[in-house]
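Student: So the chains spell out like this:
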Amino acid sequence: MKSKSKSTFFVVVLITAALAYVAFYGLHLGSINIKGANEMRYGIDIRGGVSATYTPKDLNRAPTAAELASARTIIETRMDAQNITDREITVDDTNGAILVRFPWKSDEANFDPQAAISELGETALLTFRDPDGNVVLEGADVKTSYASYDQTNASYVVVLELTDTGSTKFSEATKSLVGKVLAIYMDDTEISSPTVEEQISGGIATITNQESLATAKDLSDKINSSALPFSMIANDANIISPTLGSDAPAIMVLAGEIAFALVCLFMLFYYRLPGLVACVALSLQVVGQLLALSVPQFTLTLPGIAGVILSIGMGVDANVIVSERIKEELNSGKTLRSAIEAGFHRAFSSVFDGNITVIIVSIVLIIFGSGSMLSFGYTLLCGVLMNFIAGVTASRLMISSLACYKPLQKPYLFGARRIAG
Amino acid sequence: MKVINFFKQRYVYFAISICIILTGVVFAMVNGIKLDIQFQGGSILKYTYVGTIDSEEAGNLVETALGKTTNAQEQTTVAKDEQMLLISLADNEAITSQQQQTVTSTLTAAYPDANLTLAESLSVQPFTGARFFRNGIIAIFLSFGLILLYVGYRFKKIGGFSAGFMAIVALFHDAFGGTAVFIIFKIPLNDSFIAAVLTIIGFSINDTIVIYDRIRENKTLMGPKTTTEELVNTSITQSMSRSINTNIAVFLSITIVYIFAQVYNIESIKDFALPMMFGTVSGCYSTICIAGPLWTMWKNHQAKSGLKKA
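Chains as they are written, first to last, in the working numbering: chain G, 2 to 422; chain Z, 1355 to 1664.
Please keep in mind that the hints were generated in silico from the structure rather than gathered at the bench.
Be a bit skeptical, because a hint or two may be false.
What the hints assert, rightly or not - Partial chain G-side listing against chain Z, Cβ under 10 Å, derived:
1. Ala53
2. Asn96
3. Ile118
4. Gly122
5. Asn236
6. Ser351
7. Gly355
8. Val359
9. Val362
10. Ser363
11. Met374
12. Gly378
We put the CB at the ideal spot given by N, CA and C, even for glycine.
Sequences are here, hints too, so could you generate the full structure?
Tutor: Spelled out as structure tokens, the structure:
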């Protein structure tokens, strides 16, 4: 038992080092793919970008969920066309708004974010074009469109109901286009290219062979988007140029490293052996926090970085309380082993209660906070949870293991006046 | 270890705290409490440029183009040696991206050689801002409520509710202290404010809990004959070096962050770190000098009225 626990300190150090390696450089093993620190997802306040909330323009009622879904597909199609794939689009049904966030990369010198925001919200122009590019039908000719399941062919289809003028136009066009492609465009982006199988004159057309219900619904949403009775405007918008925030992460990381190094020096100087253990525990805590950000690709904003630095402070507290307690117990005449046991035992309740209250605050922040507050609450929560693992459990294992070594059983290594034999 | 009598000096501490709070109130009346457009609503556009631009003229141009009251200001950032033109719209009005384009095109047409580039823009509708602010305030008060419940439950042994209540008094003290920093340094209240206040609350309650924990433990160790005053003084003295060391570490970290943010002009971090620096000190102080003595007074009062009844 004794020899087994003796090496625990080194096991914890190795685990910490291994996790640190994964957190900084990532891990790509088969299906496991953890992104490293350099591939961290940063918020627009760090790397620059656009955040805009679109609401219907001049609409005196709340938009329906279907209308918002259509508006969303317009925005998505346009962003696809501009090759903006790294984006977040959220539909807020209760407030009738669509939230769009995307980065503004520093190599895009000619990018005009204001124009981009305006264009995304404009009404979509839907056209049906023959192989020569002639427009044969427009969005206004489509009454409605929906996804459906075709029993006879056992496949998903998109049904288009045309207006009266639409059916006449469509009937004429399909007559000469049998066997040819009739492509559907949103603005200048091709969204579907079905082949005309026969002349369609009933005012109802179907686009067959859709892969799934989802793809069929996506296409019908896009077709419906032209029937959207409003355009979207962005009154709430935030644009940050990449040059403004580009140095910020590096600077904050440097600040964090210096703060961390100073805290470690302070702990080593003041608490000696328990201080050394505290440094390892703090490293483990920070590494765990980084992984909690990079594994789910959680967006890290500037306040989020502040949250990380702050929870280092919380982590220090747990270690300070424990180290102080061990010192007290030693001075009261306990043996090293029982002083460590008693120190952790007595420190636990206060570390536990302190951490739980901070967890309560951080959860409240996650629920009510938006954007930067959310990021702050999340990093703080992860930090405090990691503190339970690193600052309480891992610290205890490490100190107990180091205390097994004879040369380390010196009072001054624990900052105490004596160690009872 | 010599027990320090914190209780004896309580009125000095109370006076110091009241002075700090009053300073905040006076500054609030003089400076006014400024909400950032994040909460108040409005629009601001920042451009970098070279050469010289008469900001008043630029403001007038934009005002004519948009038909809305506009205010323009010049700003120089020290670290980056850049000149900035700030265009803000009065009356908390939010403008659309189309109107923003108008601002940009008006200015670039008027100053073709200035190499005007949009650095940042923020536009928030008043009702959206109000919603954010409301959520932030709800978050703060909900945290207070939950902390009161939790402390009340966990510290039943030392009269849960009274302990929880005094912890909340200390929290208000620190939240006011943090807010006062925003007001005195004229930092508009934005979401950094909410984050800073919530962090201060978190730290402050942690400090208070560590002391309460010691009181809870000592109550058993020291026996029923000990007076509340003795119990509290001993507990605070015993946890003194922990309180100081933890706060040195936290204060050190935050100060380094603040220095970096200040030097490199990272506004969002700067606005957050400065109130935090004061907040950590206040959190430590309020626990030792406010929550402990107040709780002792409460207990003594209870004991006295209990005696009278008996």
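Student: When the structure is checked against the list of hints, which entries are broken? Sort them ascending.
Tutor: Violated hints: none; all satisfied.
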